[in-house]
Amino acid sequence: MNERLQDYLVFDQVTKRFGGLTVVEAPFNLVVPRGQFVVFLGPSGCGKTTLMRMVGGLDEATTGTIRLEGSPVGPPDERRGMVFQSYSSFPWLTVLQNIAFGMRYRRDLSPKAKASRARHYLDLVGLSDFGDAYPSRISGGMRQRVAIARTLAAGSDVLLMDEPFGALDAQRREQLQIELRRIQSEEMKTVLFVTHDVEEAIFLADRIIVFSSRPARIIDDIDVTAELGSDRNLELRDSEVFFRRRADILRTVRSTLTLV
Amino acid sequence: MNERLQDYLVFDQVTKRFGGLTVVEAPFNLVVPRGQFVVFLGPSGCGKTTLMRMVGGLDEATTGTIRLEGSPVGPPDERRGMVFQSYSSFPWLTVLQNIAFGMRYRRDLSPKAKASRARHYLDLVGLSDFGDAYPSRISGGMRQRVAIARTLAAGSDVLLMDEPFGALDAQRREQLQIELRRIQSEEMKTVLFVTHDVEEAIFLADRIIVFSSRPARIIDDIDVTAELGSDRNLELRDSEVFFRRRADILRTVRSTLTLV
Amino acid sequence: SASAKAAETPVSVICNNWSGFAPVFVASDLGYFKALGLKVSVKVDDEQSDALAGIERGDIDVDMRTVDDYQRRPRTPTTPGVMIGTIDESDGGDGVVADGSIKSVSDLKGKTIAMETDIPAYLLMQLELSKAGLSYKDVHIKQVAGSDALSVFSDKSIAAIGTFQPFMDQAVKIDAGRGAHILISSASYPGTIIDAIIVNQSKLKADPATFKKFLIGVYKAVAYYNTNPTDFIRLAAPHFDLSAKDFKASVDGSLTYTSLATAQTYFGTADKPGPIYGVFDTLMKLNLANGASDHQLAAAQSFDPAPLASITAADLK
Amino acid sequence: MSGALHSAFAFRGSLSRRKRVAVALGSSFFILLVWQIASWVGLLDPIFLPSPLDILGTLYDMTARGEIIGNALISLGRIMAAFLLSAVMAIPIGMLMSSYRPISAALEPIIDFIRYLPIPALIPISIIWFGVGEETKIFLLWLGTFFQLVLLVVDDANRVPNEYVEVARTLGARPYEILRDIIWRSMLPGLINNLRITLGWCWTYLILAEIVAADNGLGYVIWTARRYMKTDEVMAGVFVIGIIGLVTDQAMRAGHTWLFRDQGTSR
Amino acid sequence: MSGALHSAFAFRGSLSRRKRVAVALGSSFFILLVWQIASWVGLLDPIFLPSPLDILGTLYDMTARGEIIGNALISLGRIMAAFLLSAVMAIPIGMLMSSYRPISAALEPIIDFIRYLPIPALIPISIIWFGVGEETKIFLLWLGTFFQLVLLVVDDANRVPNEYVEVARTLGARPYEILRDIIWRSMLPGLINNLRITLGWCWTYLILAEIVAADNGLGYVIWTARRYMKTDEVMAGVFVIGIIGLVTDQAMRAGHTWLFRDQGTSR
Ligand SMILES: Nc1ncnc2c1ncn2[C@@H]1O[C@H](COP(=O)(O)OP(=O)(O)OP(=O)(O)O)[C@@H](O)[C@H]1O
Ligand SMILES: Nc1ncnc2c1ncn2[C@@H]1O[C@H](COP(=O)(O)OP(=O)(O)OP(=O)(O)O)[C@@H](O)[C@H]1O
Ligand SMILES: [Mg+2]
Ligand SMILES: [Mg+2]
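Residue numbers (my numbering), protein chains in the order written: chain A, 1 to 260; chain B, 1 to 260; chain C, 1 to 317; chain D, 1 to 267; chain E, 1 to 267.
No wet-lab data here; the hints were simulated from the structure. Note that this is a predicted model, so its numbers are computed, not measured. Even for Gly, the Cβ is constructed at its ideal location relative to N, Cα and C. Keep in mind that the hints are not guaranteed to be accurate.
Stated by the list, open to error - With a straight-line cut-off of 16 Å between C-alpha atoms, the simulated EDC-like cross-links for lysine to aspartate or glutamate are: (1) C:Lys142 to D:Asp215; (2) C:Lys43 to E:Glu135; (3) C:Lys43 to E:Asp61.
As the list claims (entries may be wrong) - Derived list of chain E stretches under chain C, where covered just means 3 residues or more per stretch with a C-beta under 8 Å from a C-beta of chain C: (4) 127-133; (5) 199-211.
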């Protein structure tokens, strides 16, 4: 049982090639226990999205396997929810309907429960006034929030979030970071989260995986919880230890990339 | 002449309404002198993109006028280059061709000059290896860089950049910030730049305009150059004054938004 | 010879692909037209309206249609076009095939008949109906293209079809089970369904020699058929994408080519009109009655026997 | 004025409903006027192309004689039946072809073959199969529409962004649910446009279908008139078809705009 | 095996070229086999629908007699001329209609009207205008294609994302440059698909055009055979058209895939 929890999500010797381009180089190994919040940090184009898509079942590994709860991940299913880098909402649904779409294929919720959940996440992302608006009528950041709310509403066990907060203002971002962290720890969700914001990474992560530039290799695996504990709040952000860690990681990250 | 430079870009009593929704409330006034780097900072959905689009000539103000060099801005032209929030590249052109497209309608450059300029900006954004790749084959951050390079290659006098660095990693972002700042000051370009990253705002801006949440009003107008000078480099970033200013602004920004 | 070639007068003909028009092709193949200094080209088109449009525009010099087609709308006494000769007459090639339950024309009362209203069968039927004291008001006509009649007949609700060969024989064969038989045939109306050679009278007036030559070519070919049927059939068949055997079948029992002598007899002379004038008036009445024509046309204005009369047997040598 | 003209001629600009109607009526009347004048001065032979006023007069007479309305309704009914049948078959088949490679591989060559065939050559066999009643007429209209429509549907379904499909898949949608909730909804604006286009196409086959063992319908009226070269009646019938087309088309366009006003995807 | 089947039937999955060809051939042969067997057991009357083998035999004979290839080339030439004319006119007009509201307002009602009209009813007037030569035939084919195609072009041009247009405008592109560099390039994949679909349509009008004052072409061959009830020859002619269609269609599909292999937009 415990073992099961420990190797909940496993990357086993994974490689990925697109034609001649090697995106993930063998052997890529990573073991993520259940309920861990893992942040991927790495240079643009290194292969983070590709890894997420493979976990989600949208791409296939060229060699190696990704296992979830012991068995290889198949085609996408509702266990693995995804927030895409290009935050796509359905243009034919209103904001609220888009969020409710997240639960469309859940058979365990009553229509009423779905409606109230949808409204809850609508409020959570601050779009209460825009429930009836169509995606073509809202701003980029608002659209991104729709996608976040949709995936949260779906309530999958594994959340794959590809730069979900990229287009949000600092305020909204902090608020959603706190919410996400709360949901994750309360509901024991396993999260893979891509961001380019080191501060965000430290604030959210139990563990940060730092990637080299393409082909993706792990160059650092930082256990944040060991240093900062698992409680995250705004005060932490202004603390000395947070600031120091941030500087360290920035240094590591800077070293990953020899800019042309 | 000097006056001309001082009121290079003028928002004169501008308002904007979409149907029932007031996005920009009267009177919105702002005077931007030539060669100034102005950063727009404000909550998601407040109207920043709308303002940029109005300057670009893609949307029309409901009332009021925007004037460039004394005359009202008409339909889009090559004087005002834009990096869109949704970084769109043309799928039928390669990365290099997309960048070269930025100069397609410039009659003052020889084909050879265009080619070398395109290559220059390709290198600048770190896509040298991907010049012949098609946009469908590159990552989100890479696509954003294509859009940036295309607009820089176009060499317009006014640059309208809507969250251009949102999907870039810290390293690449710093490098491009420095480059942008250099190009801007060397070529006396006027820049309107939207970002949610306060650090980026301070690092880049001559002047930061902080917006309230919708309808957009100016709640702060910060003269950054007066405090930090106009030279920007990596050391500045680690300086005391920079860190203090950042905290101040974050406080202002936090106060703009009463989160639901 | 080179100068003769340069002087060849183009004559363009329009007609449908009915075996009765074969003499024109054979005359071309045998070089009759060439020898007469004509260059004849043939276009195929079923529709009278298309032919009229062609003549109107001046693209078409000669149209070949039945006399009753000639009378139809939109012809008025002033419409260009005059008949100067005949080429063939239907002799069993048109008719009506009926179900076994239809013993005589009077049995058709209240029944559904499938046929096109602008084919000879329609006129023959009209003649027979009036003989039986009936008219088209007493039967139900369903419009159908002549070539589709056979398929239509497989529907048991259709009591009879009006069509032409080879569909008539085929219908009798395929639907033998229901006692299909030929109820009406053009064989019983000799000299009625006649294909005429129609030309624009102003063109005729301007250049009577050319049209006379055209007639000579046609009648030479008919004469060739009468003396040499096998060779004629061999030459004609490919123009209809038929084998010699099939072509022969389409002629035998269906039609007769009208020789110069027959044509001259039919036409008579301006002073002493031949029997075709009478046929014309009969058909005119029918066409006026069924609404296919709306002007009373005079036979005297519709025929010009002069070119035909000027041809002698010696010309055919 | 020149400013208004300028803005009306803006690239992908907009035009008020009223102006649009004015321009549309203006251009139509202009054409009719030129035609009428050409007839008056004798440029057009009325036997082959009567003037608009003559056609209108004939149309009035024919309507008074009861030849138009009933037959138009009959034709409309046939078109609707055939078109609905085509759509009801083409939409699911097209969506499946777009979604499942083996299905498209199996059906493509057959569809590609059949859709090139000249309908008139297939009339006899369809009479044999379907008799001389309504079935043959509807079958012929269907034959002319279905095979083209199905390809347009495939194309529409192919244009649905893969992103939407991927979002739905990660939310646990099964294939039929993707078809229903994503492909169908996303392709709808394009599909309705293509249905509109194909409907016009279906009408062009009307005469073909209604000259097969027919005794009513506009096609029959036109063909009968044509046999007797009553060009004014032919053109009157043709006019009625054109007007029906124009009206359904404009109605479908307006419906489209209204239905998808919020999606902001297609103009 | 079952895994392979499963993955072949994956939603929007892929299928190797070889398997695709195998499935395509398989399904085609299956249909032909069913047809042949139905003929053998006497379910199909050869007078109305000959068996595939009979048709093949006839086709061989006709080819040997020289009736097929020349006529097929003539028909192909006519179709190509008419289709190119349609495309060359429809593409610019459609692009302009999509881009400029007043143009679409002016032309829409006219196009909507004309495209519904039954072509056969317009034959006499086209003879008056264009004579009994090639022009009329090409005009009739053009008439059947142009007005439908132009609407498909409008639709394609409308689907070009406004974003692309806006990017080009901010780079200083003038309207005609947007049309050339953005609208045209962006719509190209969709346009080529629609051209392919419309080409099939054009062929269905072949008989209509080639029975007008005809002396050659496949339509003429078919019609002549029909007049003498040689169903096997009719079907052989029809078969040739189908095969020409199938081949051009597959070639155009392959060209499409190859041309746009990098764009990743349409599958
Ligand atoms: N086409 C439109 N129709 C109606 N409302 C619109 C339209 N475009 C934008 N809006 C509204 O205008 C407001 C401002 O939008 P805008 O895109 O300018 O915001 P923004 O400041 O750029 O936000 P973000 O930081 O999220 O990109 C939003 O509330 C949005 O709902
Ligand atoms: N469909 C594809 N075909 C070919 N190459 C691809 C494809 N998709 C991605 N790549 C390549 O794979 C590499 C990794 O892409 P990926 O999207 O995973 O990067 P990323 O780490 O998410 O970058 P970013 O931070 O910019 O989003 C890139 O270099 C890209 O060029
Ligand atoms: Mg990515
Ligand atoms: Mg914005």
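Hints and how they fare:
no., hint, verdict
1, C:Lys142 to D:Asp215, "holds, 5 Å"
2, C:Lys43 to E:Glu135, "holds, 14 Å"
3, C:Lys43 to E:Asp61, "violated, 25 Å"
4, 127-133, "holds (count 5)"
5, 199-211, "violated (count 1)"
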